[in-house]
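Novice: Use the sequences and the hints to build the structure in full.
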Amino acid sequence: MVDGKEQRLMLAPNSILCPPSSIHAVNMSPLHQYLILSALLFCIGLAGALTRRNAIIVLIGVELMLNAANLNFIAFWRYGPNPEAQTGLLFAMFSIAVAAAEAAVGLALIIAIYRHYKTTNLDKVDGLKG
Amino acid sequence: MSLVFFILAAVTLAGAAGAMSLRRPVHCALSLVLSLVGLAGLFLRLGAQFVGFAQVLVYVGAVAILVVFAILLTNNAEIIGRSSTVSSGWLAGLGIAVAVFVSLAAAMARSSALNRPASPPPTASVRDLGTRLMGEYILPLEVLGLLLTATMIGAVVIALHERRAK
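Protein sequences, first through last, are from chains U and F.
Number 130 marks the last residue of the first sequence (this note's numbering); no jumps.
Number 1166 marks the last residue of the second sequence (this note's numbering); no jumps.
Honestly, the hints are just simulated from the structure, not real lab data.
Even glycine gets a Cβ: it sits at the ideal position worked out from N, Cα and C.
Here are the in silico distance ranges between beta carbons for each label pair:
1. R1127(F) x V125(U): 44 to 54 Å
2. T87(U) x A1092(F): 33 to 43 Å
3. V1157(F) x L128(U): 18 to 28 Å
Computed from the model, here is a short list of chain F residues facing chain U with C-beta under 10 Å:
4. F1006
5. L1036
6. A1092
7. G1093
8. L1104
9. T1151
Specialist: See the structure below:
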């Protein structure tokens, strides 16, 4: 990819990934590979954020989803139509900074919740009264 | 040719899967670090040097340490024990995640805009990025500085002991 060669990945016929017109084999462009990876990462993070009970691990899942979005920004910058503007790069940088702020406040909130409820189990933290 | 991509993708996905499925929170945090390092490698491979190194500095350096400290400050004895680590509605959550992936993959497979020929890698020097940040992106940068300052103060205030106020 760095030397500009075309990267092709032969993919076995698959009802989800292939449009109905090209059943035999689909040539995945590099952008496709990055987007599939990013979608997988996002869904792993989403599954973790929705299913785990520990609040800290839910926050880790949110971080994974944010990182998947960053990967999309960078991949679209690299393979998109106008890379000279560097919009994707700059957006990813701002996104990293905002995600760091989110992590700091989120973990402080979890620590405050732990002081109050003596647990980080989200199934038990269900009261609105202080 | 794209062997590096597959290795980095496998590292990233394995780390993410570990972070979401391991039992002990500390192991989850270490898996998260593995995943973030893989992502930084992918950023470097995509030609985004500065973002890749910022990823290492911010996520692997700072956020992972924050997560580890939060795990240390909260006692997770009940979770390490025999009780389940997944919440009560885990089946619905898993179903939603799979549905999201299927819809994303279907949208990607149908899109014809993604099949552009590979272009030569664009250059993004740190000097160029810095010029842009100090030029046309100066206002977002200042707002970001304000946000980070407010976050720092807010995090300290939130995590302070409540008892002192009484």
